[in-house]
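Asker: Each chain is listed here by its residues.
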Amino acid sequence: SAVISQKPSRDICQRGTSLTIQCQVDSQVTMMFWYRQQPGQSLTLIATANQGSEATYESGFVIDKFPISRPNLTFSTLTVSNMSPEDSSIYLCSVGDRGSDTQYFGPGTRLTVL
Amino acid sequence: DQQVKQNSPSLSVQEGRISILNCDYTNSMFDYFLWYKKYPAEGPTFLISISSIKDKNEDGRFTVFLNKSAKHLSLHIVPSQPGDSAVYFCAATPGVGNEKLTFGTGTRLTIIP
Numbered sequence: 005s006a007v008i009s010q011k012p013s014r015d016i017c018q019r020g021t022s023l024t025i026q027c028q029v030d031s032q033v034t035m036m037f038w039y040r041q042q043p044g045q046s047l048t049l050i051a052t053a054n055q056g057s058e059a060t061y062e063s064g065f066v067i068d069k070f071p072i073s074r075p076n077l078t079f080s081t082l083t084v085s086n087m088s089p090e091d092s093s094i095y096l097c098s099v100g101d102r103g104s105d106t107q108y109f110g111p112g113t114r115l116t117v118l
Numbered sequence: 005d006q007q008v009k010q011n012s013p014s015l016s017v018q019e020g021r022i023s024i025l026n027c028d029y030t031n032s033m034f035d036y037f038l039w040y041k042k043y044p045a046e047g048p049t050f051l052i053s054i055s056s057i058k059d060k061n062e063d064g065r066f067t068v069f070l071n072k073s074a075k076h077l078s079l080h081i082v083p084s085q086p087g088d089s090a091v092y093f094c095a096a097t098p099g100v101g102n103e104k105l106t107f108g109t110g111t112r113l114t115i116i117p
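Those protein sequence lines, which keep their order, are chains G and X.
Start counting the first sequence at 5; every next residue gets the next number (my numbering).
Start counting the second sequence at 5; every next residue gets the next number (my numbering).
Heads up, a few of these hints could be off.
Distance condition first, Cα-Cα at most 27 Å in a straight line; then the derived BS3-like pairs of lysine-lysine [claimed, not checked]:
no., chain 1, residue 1, chain 2, residue 2
1, X, 72, X, 58
2, X, 72, X, 60
3, X, 104, G, 69
4, X, 9, X, 75
5, X, 58, X, 9
6, G, 11, X, 104
Don't read these hints as lab results, they were simulated from the structure.
Based on the provided sequences and hints, a complete structural model is requested.
Answerer: Here it is as structure tokens:
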């Protein structure tokens, strides 16, 4: 399985600011995804990060709030913009390859917004 | 609308006994199911999966059963070990591979030594 790292591992941010989370994989992967886990909740898919094109967002998530980049097959970033306390969550990236039977997750970024 | 449900938020089992975690789903389009284990401060770790063409898949101490007509799956861990204490999520997807995953709410399993 791929080795996935995320930076930062955790952060405490002020309301109204933005934070960019990085996801780095040790091998080229076809698919990269960003999930959110709010306190006490399940994991919810934010978007699919597409290499070389705009991300595909799930219902309830918009590009202005969660801009995503994926410049190559091993790296992606998720920005949480204009943060509010409701954005306090764990943000996780996951990766996989077409034809594979599973996704592998990074360690997550724990974000607290004051 | 919660399409994947884990109705037991927590479960405690004696070490050495069988742990049974349950999951129900409502979307008939789901065709492939996965179980993940999550420790605090870590990302989910893949455990085992099953395709809808099967009703059972086994990997060591872990067995997943699928009842497609009842839209129900379960994860059996036997024998349970203290290291199995974690939160377990079931997830579903419309197809094999990297379709988006829909997760259940999780069950916190505690193994009692």
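Asker: Under the criterion that the straight-line Cα-Cα distance not exceed 27 Å, is the pair residue 72 of chain X, residue 60 of chain X satisfied?
Answerer: holds, 11 Å
Asker: Holds or violated: are the alpha carbons of residue 11 of chain G and residue 104 of chain X at most 27 Å from each other?
Answerer: holds, 23 Å
Asker: Take a quick look at whether residue 104 of chain X and residue 69 of chain G sit within 27 Å of each other, Cα to Cα.
Answerer: holds, 20 Å
Asker: Take a quick look at whether residue 9 of chain X and residue 75 of chain X sit within 27 Å of each other, Cα to Cα.
Answerer: Holds, at roughly 11 Å.
Asker: Regarding the pair residue 72 of chain X and residue 58 of chain X, is the alpha-carbon distance no greater than 27 Å?
Answerer: Holds. Residue 72 of chain X to residue 58 of chain X sits at ~9 Å (cutoff 27 Å).
Asker: Quick one, are residue 58 of chain X and residue 9 of chain X close enough, alpha carbons at most 27 Å?
Answerer: holds, 21 Å
Of the numbered hints given earlier, the model fails none.
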